[in-house]
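Got chain A; can you put chain B on it based on the hints?
Protein chains: 2
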Amino acid sequence: MADTNALETLIQSLRRLPGVGVKSAQRMAFHLLQHDRAGAQTLSMALAHAAQAVQHCERCHTFTEAQVCSTCLDTRRDASKLCVVETPADQSAVERTGAYKGLYFVLMGKLSPLDGIGPHDIGLKKLFDRALDGTVLEVILATNFTAEGEATAHVISEGLKARGLHLTRLARGVPVGSELEYVDLGTIAHALVDRR
Amino acid sequence: MADTNALETLIQSLRRLPGVGVKSAQRMAFHLLQHDRAGAQTLSMALAHAAQAVQHCERCHTFTEAQVCSTCLDTRRDASKLCVVETPADQSAVERTGAYKGLYFVLMGKLSPLDGIGPHDIGLKKLFDRALDGTVLEVILATNFTAEGEATAHVISEGLKARGLHLTRLARGVPVGSELEYVDLGTIAHALVDRR
Chain A
1 MADTNALETL
11 IQSLRRLPGV
21 GVKSAQRMAF
31 HLLQHDRAGA
41 QTLSMALAHA
51 AQAVQHCERC
61 HTFTEAQVCS
71 TCLDTRRDAS
81 KLCVVETPAD
91 QSAVERTGAY
101 KGLYFVLMGK
111 LSPLDGIGPH
121 DIGLKKLFDR
131 ALDGTVLEVI
141 LATNFTAEGE
151 ATAHVISEGL
161 KARGLHLTRL
171 ARGVPVGSEL
181 EYVDLGTIAH
191 ALVDRR
Chain B
1 MADTNALETL
11 IQSLRRLPGV
21 GVKSAQRMAF
31 HLLQHDRAGA
41 QTLSMALAHA
51 AQAVQHCERC
61 HTFTEAQVCS
71 TCLDTRRDAS
81 KLCVVETPAD
91 QSAVERTGAY
101 KGLYFVLMGK
111 LSPLDGIGPH
121 DIGLKKLFDR
131 ALDGTVLEVI
141 LATNFTAEGE
151 ATAHVISEGL
161 KARGLHLTRL
171 ARGVPVGSEL
181 EYVDLGTIAH
191 ALVDRR
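First to last, the protein sequences are chains A and B.
Each residue of the first sequence is one higher than the last, beginning at 1 in the working numbering.
Each residue of the second sequence is one higher than the last, beginning at 1 in the working numbering.
Quick caveat, the hints were computed from the structure, so don't treat them as lab data.
Since the model is a prediction, treat every value here as computed from it, not as a measurement.
The reader is advised that the hints may include incorrect statements.
For identical chains, the list gives no copy identity; a pair is met inside one copy or between any two copies.
No farther apart than 30 Å at their CA atoms in a straight line, the calculated lysine-lysine pairs in the DSSO-like style are these [stated by the list, open to error]: (1) Lys126 <-> Lys101; (2) Lys161 <-> Lys101; (3) Lys81 <-> Lys101; (4) Lys23 <-> Lys126; (5) Lys81 <-> Lys23; (6) Lys101 <-> Lys23; (7) Lys126 <-> Lys161; (8) Lys125 <-> Lys101; (9) Lys81 <-> Lys125; (10) Lys125 <-> Lys161; (11) Lys161 <-> Lys81.
Pulled out of the complex, with its shape left as it was, chain A reads as follows (with noise of 0.2 Å):
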């Protein structure tokens, strides 16, 4: 794509992006570059701030840029609930629903034993010194429905169980307004014998 190592170097960093290819980061490198140069500068700005400064919450991991994040921070939310979360976006995704009012940690990632992601590297360790600090009664499990999800909660609930915590896992259902028909055949099982 022309005759500029600028603009290829601009193309091989933009493939570092997850999913991004070839063609995209083409697509990509035109668009900044001969319609939004602004865009460029602004992003580029963005990306070397947000290196520098973001880094992780003492307390719940979470991103922050300060040493504890705000969350963590407010006295108004009940300390002995502790909800733990694959990353900031589920944290973000259960705090909009106005459902929970507890504390998170935010495991920045999920047990993959093929990707060579094991416990040490989603910071197990910290997490139960977190549980165990004396003022968590309840962790509740909101790792992700998939196979690592399921297996992250696990490994954690055997790794806390016995240790007077009351342990929770998010309850698997019927997503509200779906059809039963369109739900796939495990779900319902699941719903039904969690009927309450």
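This is chain B only, laid out in the frame that chain A set:
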């Protein structure tokens, strides 16, 4: 997604990339900050450098860091042939066939009245000046075989006909409705040979 302005700004900036919505932007930001900070720095520098260094070739209008791109400066090329393409990616596709040894003019877009892109926006005046500079004998219209690409080819041929130039269009070996960038090289090569 967590409580950091740097992260929020990064997500908003990533959304300026074509084809990137809020979920993809969150995923990209998460990936870069959690797994590839070096990638974030690299991309930041590549963006800043490209936005500052990349300009348009004076002769063919493609991206280059010099005043005139290396393709236009290549004296082994047949200066009597001018191939008109929409984007540098299209030019690159034609180049890779190895079946064309002339020069190029890169429109950097296509006529698209619905998007408010008219003849002035894609530099048709510049193309006409270039095509009529005395050295060009044949203009090969290699715009995409989409509605906009065909319209663009039509407008160019209307503007150049009766000027003593040999005007050709890539043969319809290229499947109608597809874009050059995604066509296999053999088809493009055949279309070049069968140009009319």
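These are the hints, each one checked on the structure:
Only within a single protomer do Lys126 and Lys101 lie at most 30 Å apart by alpha-carbon distance; the minimum there is 22 Å, versus 63 Å between protomers. Taking identical chains as interchangeable, the C-alpha atoms of Lys161 and Lys101 lie at most 30 Å apart only when both belong to the same chain, with a minimum of 23 Å there against 72 Å between chains. In this homomeric assembly, Lys81 and Lys101 come within 30 Å of each other (Cα to Cα) only inside a single copy, at 8 Å, whereas the closest approach across copies is 70 Å. Taking CA atoms no more than 30 Å apart as the test, Lys23 paired with Lys126 passes between copies only; the shortest distance there is 28 Å, against 41 Å inside one copy.
Taking the closest pair of Cα atoms, Lys81 and Lys23 come within 30 Å of each other only across two copies (28 Å); inside a single copy the shortest separation is 46 Å, beyond that limit. When the C-alpha separation of Lys101 and Lys23 is checked against a cutoff of 30 Å, the pair qualifies only between copies, where the shortest distance is 24 Å, while the shortest distance within a copy is 44 Å. Within a single copy, Lys126 and Lys161 get their C-alpha atoms as close as 16 Å, which meets the 30 Å cut-off; across copies the closest is 74 Å, which misses it. For a Cα distance limit of 30 Å, the shortest separation of Lys125 from Lys101 inside one copy, 24 Å, qualifies, whereas the shortest one across copies, 63 Å, does not.
Taking the shortest Cα distances, Lys81 and Lys125 sit within 30 Å of each other inside one copy (18 Å), while across copies they are farther apart (68 Å). In this assembly of identical chains, the alpha carbons of Lys125 and Lys161 lie at most 30 Å apart only when taken from the same copy (14 Å versus 75 Å across copies). Proximity of Lys161 to Lys81 under the C-alpha cut-off of 30 Å is restricted to the intra-copy arrangement: shortest distance 16 Å within a copy versus 77 Å between copies.
This entry satisfies every hint, going by the numbered hints stated previously.
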